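Number of protein chains: 2
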Amino acid sequence: MNKNSIVIGVDIGGTNTVAGKIASDGTCVQKINFRTDVDDSAAFIEALKLTIQQLVESSSGTLAGIGMAAPAVNAREGVIEHSANLRWGKLPIVELIKRHFAVPVTIINDSNAAALGEMAFGSAKGLKHFMTVTLGTGLGVGIVVNRKLMEGAFGSAGELGHMILETNGRACGCSRNGCVETYVSATGLCRTVFELLSYSMEQSILRGVAYEDLTANRVYDAAMQNDRLAMQAFTRTGHYLGRMLANTVAAFDPEAIILTGGLMRAEELLMRPTIESFKQNALSFQQKRLRILRSNFTDGEGALLGAGSMVQHWDAINEMVQTEM
Amino acid sequence: MNKNSIVIGVDIGGTNTVAGKIASDGTCVQKINFRTDVDDSAAFIEALKLTIQQLVESSSGTLAGIGMAAPAVNAREGVIEHSANLRWGKLPIVELIKRHFAVPVTIINDSNAAALGEMAFGSAKGLKHFMTVTLGTGLGVGIVVNRKLMEGAFGSAGELGHMILETNGRACGCSRNGCVETYVSATGLCRTVFELLSYSMEQSILRGVAYEDLTANRVYDAAMQNDRLAMQAFTRTGHYLGRMLANTVAAFDPEAIILTGGLMRAEELLMRPTIESFKQNALSFQQKRLRILRSNFTDGEGALLGAGSMVQHWDAINEMVQTEM
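Protein chains in written order, with the working numbering: chain C, 1 to 325; chain D, 1001 to 1325.
Please note: incorrect hints may appear among the correct ones.
Said to hold, decoys possible - Calculated lysine-lysine pairs in the BS3-like style (CA-CA distance at most 30 Å, straight line):
id	chain 1	residue 1	chain 2	residue 2
1	D	K1031	D	K1090
2	C	K128	D	K1128
3	C	K90	D	K1288
4	C	K125	C	K288
5	D	K1279	C	K90
6	C	K125	D	K1128
Unchecked claim - Covered stretches of chain D, going by a simulated chain C footprint (3 or more residues, C-beta under 8 Å):
id	stretch
7	1147-1153
8	1249-1262
9	1284-1292
Because the hints were derived from the structure by calculation, they are not lab data.
Nothing here was measured: the structure is a model prediction, and the numbers come from that model.
Note that beta-carbon positions come from the ideal geometry of N, C-alpha and C, so glycine has one too.
Here chain C stands alone, though its shape is the one from the complex:
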């Protein structure tokens, strides 16, 4: 890629969309956030088009391509489909954006984009076998085997948020019970708070908060004020995560697992019990060699950079993804 080229990376979320201008060294030099119109796809496409134009026009470089990340992506067809949070039905987003920009345009699942971002610019530089676990509203996993994204036969590998962790456990949006993400995610943390509120007699700031008003950030703020119940909710979440990672490592045997997503704001509150529980639950010979890392990207930029990296290293990464299809 020409040194004067720029790439636009886009991370489409259920609440906000972030578009960023990425320089050839992988730094995000400018970012624009806008609220995702989850009901009107035409309005969303228009907003995205204008945002990209704005980023391009404010730059002296030439546009080399646009890489997007979103939930519920069919990467082969370039469409977003049946997303729980984006009520657009089936949206041929690659085709719609290509109409406005005469450059390569691509889209990839956001969990996979996070893995590509870590591999291209982050903590996974130089690693061959690793996974990223994105802890947001749900739990998303990107799996890299031998420096290739593992997509599975039908493009849905990595649905580790829907491995069943607890028999007859919590009800999940997927209509089953006990899925990992009902315990290990921002939502899972809040559910754990309510389980603890029901079970223990511990005083807590959170006894004054209704279920629908509780957010992971409020639990975090409470924990920062030494609210024991809030801290315990993080500890439990880490214990669940450690058990999930032990199962994951038994299956995949990676060099490292990189944790990212909004919930990782809690840092040691979550990392310490996670590592403790991983050690308790992993096979003895797998315990020591795995590294559990936190992503070094700020503001969850990993998915945006990963989506952009699909363009920057267009040939290499395109081939990487193709071979798994």
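Using the hints, position chain D against chain C.
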């Protein structure tokens, strides 16, 4: 490979070792079984050498190579190490066999050999993404991603027998609790029989059998005589297996899972509840597209043929394994 060449495939087990002469079309034309001397590695190597010589001498073809499969293999170093059932310590078996035969000699984990056997000559011909689950004394898994064996960063991917299926579940030989193989294996089946004997009031032939005398074959024979408790033990085992497969498919999204190993002698007794439970426990969009198949190999020949296939397609498969290392 020359049409007159033969390959020796060897499957080393904790009880018996089988060596077979494989023709270039993948048929096993002659087999010799002998009891594995699990205490004396020198005696074992001598017995193996003599068996291979016998197979080679009774053949008009020339020996192209020897491919072996065993538990607890370090394929990179060509050694068997810290096996629970083979008390040989660290045995450099490839080097020891090479001293006697001037041909390529290789060794691979038996679960991976089963996957290679299915890919080269069995139910996985033409598949890109699949897994084999070998149900024997324990539970072994071979994972193929994009026609490549997945070995993991440290060579121990596929330890799915040690994913934790039940929190605080049955004690496992790996010193943890609730591992899949404590439920889904020949041993797991016997443990389930004893759980049912303790729990239910059902009459059963198996009430007259001591724990250490019970084998999966006896449970099978009882079930064939319509012993309801024995049949129930298979049903439960299938339910556990179906749940484990649902978790596995969430992670890997393969085209097919091929079931093999001694326990599969039970056929529909195990397959029916397995498929039923998989459908109950899998993500809805993953339920229909996965195929759960039985191996078509007789007498568990898959691992032997897979080990042999390492030699037969020496260049191709060697490359396949190398790239994952």
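Open item on the list: For each hint given before, does the structure comply? Return the numbers of the non-compliant ones in rising order.
Closed with: none
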